[in-house]
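For chain A, the structure is supplied; the task is to place chain B on it using the hints.
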Amino acid sequence: MKMEDVSLSSMDNSKMEGFAQEILSDLVEDACLGLCFEVHRAVKQGYFFMDDTDQESMKDFEIVDQPGVDIFGQVYNQWKNKECVCPNCSRSIAASRFAPHLEKCLGMGRNSSRIANRRIASGNNTNKSESDQEDNDDVNDNDWSYGAEKKAKKRKSDKVFLHSLKQPVLSNPNSPRRSKSMKHKND
Amino acid sequence: MVCGTAGNKQQQREINMSKESQMRAAINQKLIEMGERERLKELLRAKLIECGWRDQLKALCKEVIKEKGIENVTVEDLVAGVTPKGRALVPDSVKKELLQRIRAFLAQHST
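Protein sequence lines correspond, in order, to chains A and B. Heads up: the first sequence begins at 1 in this note's numbering, then just goes up one per residue. Heads up: the second sequence begins at 1 in this note's numbering, then just goes up one per residue.
No wet-lab data here; the hints were simulated from the structure. Among these hints, one or two may not hold up.
Stated by the list, open to error - So the derived label-pair ranges between C-beta atoms look like this:
#	chain 1	residue 1	chain 2	residue 2	range
1	A	H101	B	A59	50 to 60 Å
2	A	P67	B	N72	46 to 56 Å
3	B	R87	A	C84	52 to 62 Å
4	B	A46	A	C84	46 to 56 Å
5	A	K44	B	E50	19 to 29 Å
6	B	D92	A	K44	27 to 37 Å
7	B	A88	A	S14	21 to 31 Å
8	B	E14	A	Y47	51 to 61 Å
9	A	T53	B	K95	34 to 44 Å
Unchecked claim - Each computed DSS-like pair below joins lysine-lysine, with the alpha-carbon atoms no more than 30 Å apart:
#	chain 1	residue 1	chain 2	residue 2
10	A	K15	B	K41
11	A	K15	B	K9
12	B	K58	A	K59
13	B	K30	B	K41
Glycine included, C-beta positions come from ideal geometry on N, C-alpha and C.
Just chain B, with the same shape it has in the complex:
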């Protein structure tokens, strides 16, 4: 790792970036270790079922299955066919609520 003693802008940027990625890694680790990631996953799952997202995606899966045939459909087929729409179909309210919780966690644990 290069020590930023000189006024080299490029080097300084690289150092900042690695600081940042270190920090991200540390926060991610905390997220998992404290069980918060599991809780967030459960919260998201519950919200998505509530708002009907899960049923919508199941219907999309049905289409993929009918297209490829029951015998031949693979996990990759489903993932490729369904995930991009799945991301887009998440309601804004659900996104907002989860972002709030994530931001709160980051604010609490980022130092």
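For reference, chain A alone in the conformation it holds in the complex:
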């Protein structure tokens, strides 16, 4: 008798279901056995109990499951409503607005240099000699053409690209940019 002679009629639905259950049963058994072998090997090789410590330490580091607190037991939104005093201008600022405020206040960071550049660019028409000098300074100090950036229209993609390049220069304490902005602040 060949296999082709066997038709579906010899296996009706309930038998198919039984067969499927049998296959599932085999798979579950495989999974159980696999686990047992893994555990047994771990026991005999001595690493099964490695992540356990004494009961006391385990209690200390147990996962915390309370409202308003994270799993380590620390309060995580306690800085939401706090206010900080700015060391520069001595104003009281909300905690979430503190970092951007500091950026502008101290004249560091991407945004404040952008604003400063814009001021310089607009001050170009009225104050020509000063901006020329700045041009020369920057041409000497930067590898790429800083003048081109100012004169070109400020398209968003350019801004993002150029400022991502500028980032390493900003972190350099000898960068001319910081002193420049400070200069303008006092004008």
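Structure of chain B alone, referenced to chain A:
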């Protein structure tokens, strides 16, 4: 093998049963050859880890080990102590999902 020419019910049943077992064997073979059994195993393993079954069983294993002692525990001890509960602890959702896939395979490949 007896050819069922006569109306002998017993013989006919035996023939049907051997047809059936042949079919089962053929399907099992296909399951393995097409890699579907491996995929099902992996799927089951992933689901069981996700639902915490593996950790539950590990805890059961710990009990067996503490009972028999680390030095003396054998694979048979673990298997005997853990497998029956392991079968019972598989969540219904996992069973359902796997059965669906198995049935689909059977429907596709049983002719």
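Practice problem: Hints the structure violates: just list their numbers, smallest first. | Solution: The structure breaks none of the hints.
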